[in-house]
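Student: Sequence:
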Amino acid sequence: MRPKQPVKITPVTLTDAPEIYRLVSTNMTSLSPWLPWAKRMSDIATERHFLKYAIQKQAQGQLFMFTIRVNGEVAGAIDLHNIDSDDRHAEIGYWLGDQFRGQGVMAESLKQIELIAKGLQIHVLLILADVGNNQSQRVAIRSGYLRSGLISEYLYDGKEWHDCVFYSKVLSPTVSD
1 MRPKQPVKIT
11 PVTLTDAPEI
21 YRLVSTNMTS
31 LSPWLPWAKR
41 MSDIATERHF
51 LKYAIQKQAQ
61 GQLFMFTIRV
71 NGEVAGAIDL
81 HNIDSDDRHA
91 EIGYWLGDQF
101 RGQGVMAESL
111 KQIELIAKGL
121 QIHVLLILAD
131 VGNNQSQRVA
141 IRSGYLRSGL
151 ISEYLYDGKE
161 WHDCVFYSKV
171 LSPTVSD
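Per this note's numbering, the sequence shown starts with residue 1, numbered consecutively.
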């Protein structure tokens with residue numbers, strides 16, 4: 001599905017903090033079962049502190065975090081993390097506000113971050129999702145990621161452990177040495 005409105009991912013900045021905070025606060029009920037950090041975001045200052053950390057990690061090449069914008073409005077976020085530049089793989093994390101779901105926004109955001117990953121010479125991308133997070137799993141499958149396995153008790157929500165399904169996508173041919 002192609003989004004009806006233009007979708008663009010842009011590197012996070014500290015000025016994104018108020019909009020991201022508002023979106024997370026508004027969507028706390030749907031985000032918090034899958035993203036335990038959402039409950040810890042108590043105010044704009046907390047979000048700004050996290051964004052400062054993300055920007056520092058980006059300068060070190062360890063994390064690349066982007067704001068997802070639809071028609072200029074913050075719709076969510078997507079990132080590359082756990083980047084292994086030697087073995088050339090990384091994980092993708094993502095979330096969207098409820099009002100932007102089911103419109104192809106995340107599929108388009110994944111296409112854009114895949115191009116960025118290729119520019120970083122990433123060979124394989126992974127998406128990990130709680131076994132109960134069917135929406136996230138559907139996004140991965142529709143975007144061409146293959147279900148590659150199950151990891152028992154991999155995700156912790158602060159109270160209990162959850163199994164995790166992981167999906168993978170090869171971005172480029174294997175490099176021969």
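The set of hints was computed from the structure by calculation and includes no laboratory data.
Here a beta-carbon is modelled for each residue, glycine too, at the ideal position from N, C-alpha and C.
Heads up, a few of these hints could be off.
Said to hold, decoys possible - Estimated spans, in silico, between C-beta atoms of each pair:
{"#": "1", "residue 1": "Ser85", "residue 2": "Met28", "range": "30 to 38 Å"}
{"#": "2", "residue 1": "Ser168", "residue 2": "Thr46", "range": "15 to 23 Å"}
{"#": "3", "residue 1": "Ile151", "residue 2": "Leu14", "range": "15 to 23 Å"}
{"#": "4", "residue 1": "Tyr154", "residue 2": "Ser30", "range": "15 to 23 Å"}
{"#": "5", "residue 1": "Tyr156", "residue 2": "Lys57", "range": "35 to 43 Å"}
{"#": "6", "residue 1": "Arg138", "residue 2": "Gln56", "range": "18 to 26 Å"}
{"#": "7", "residue 1": "Leu14", "residue 2": "Glu153", "range": "31 to 39 Å"}
Student: Does 30 to 38 Å hold as the CB distance between serine 85 and methionine 28, or does it fail?
Tutor: 35 Å, holds
Student: I want to verify a distance hint. Is the separation of the beta carbons of leucine 14 and glutamate 153 within 31 to 39 Å?
Tutor: 36 Å, holds
Student: Take a look at whether the Cβ-Cβ distance between tyrosine 154 and serine 30 falls inside 15 to 23 Å.
Tutor: Given a distance of about 21 Å, which is inside 15 to 23 Å, the answer is holds.
Student: Taking 18 to 26 Å as the hint, is the beta-carbon distance of arginine 138 and glutamine 56 inside that range?
Tutor: Hint violated: Cβ distance 33 Å, outside 18 to 26 Å.
Student: State, for the Cβ atoms of serine 168 and threonine 46, whether the hinted interval 15 to 23 Å holds or is violated.
Tutor: 33 Å, violated
Student: Take the C-beta atom of tyrosine 156 and the C-beta atom of lysine 57, compute their distance, and say whether it sits inside 35 to 43 Å.
Tutor: 21 Å, violated
Student: Isoleucine 151 and leucine 14, beta-carbon distance inside 15 to 23 Å?
Tutor: 34 Å, violated
Hints 2, 3, 5, 6 from the list above are not met by this structure, while the remaining hints are.
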